[in-house]
Amino acid sequence: MPLDQSFVGRSWPPTGPYLVGREKIREFARAIGATDAAYHDPEAARALGYADVVAPPTFPVAITMSASREVVADPALGIDYSRVVHGDQRFAYSRPVVAGDALVCVNTVEEIISRGGHEFLTTRTDVTTEAGEPVVTVWSKLVVRGEG
Amino acid sequence: MAAELAPQTFRVTRADLVRYAGASGDFNPIHWSDRIATGVGLPGVIAHGMFTMALVGRAVTVWAGAPDAVVEFGVRFSRPVPVPDTDEGTEVVVSATVKEVTDEGHTRLSLTATCNGDKVLSMAQALIRKR
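Chains A and B, in that order, give the protein sequences. If you read the first sequence in the numbering used here, its first letter stands for residue 1, the second for the next number, and so on. If you read the second sequence in the numbering used here, its first letter stands for residue 149, the second for the next number, and so on.
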């Protein structure tokens, strides 16, 4: 079933703040085998000019994936999540995520395309501090595989 | 910085996928259950695309020489990374070429990731900042 094109351009209200914990960053860094001192040691991060440990580049998905659930799980959009594969992923950073950040996400549907029997949904998540300072913008393209 | 950067190899096992699922919150069973993965037509359990991208991110920060150097980072997941239930698992090899130095002084890398000789990413690139 085609996705509802009227979702293109729609944005959702900001999510409640996600408090980035030092141990969460360390856990994520360990899980990907990233050993840089600035991911683990606050002193090393301070030497680079940050208030606390910094997160590896793909860490924001730990926040945005659950934040974008409000979009992809909306029954009105019409996604069969069992048919979804991850197509593209992109990040544009204003600065790294740092432990202690309280981050809010605003989700927008940028594009819906039908091609070759598949549907392609691109969401953009603008991640900012509660005060509105931009941190990172995250784009995800999901492919909803056609039936048959 | 040389035009071709030294490739980096990452071993990926089932234990890595379990650890990544917990750390990232992505508990999709195709990343830990052969039964469910084969049921949706996959060869078996596959790595999270975002785990592969995280490994590429590690390679990029090594090449950049700084953990906080990445300004932009994007990939297309063109092929799954099957991870057999063995001690050895599989390997992802990440390589890069320098495409350009931008007007702001950033370096744009074109990235390649392969598993068993197959390219698992396409249109992968990163923009990195010199400290």
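None of these hints come from the bench; they were simulated from the model. Don't take every hint at face value.
In silico DSS-like links for lysine-lysine, alpha-carbon gap of 27 Å or less [unchecked claim]: (1) B:Lys-247 <-> B:Lys-278; (2) B:Lys-247 <-> A:Lys-24; (3) A:Lys-141 <-> A:Lys-24; (4) B:Lys-267 <-> B:Lys-247; (5) B:Lys-267 <-> A:Lys-141.
Tell me, in ascending order, the numbers of any earlier hints that this structure violates. The structure conflicts with hint 2 only, although it agrees with all the remaining ones.
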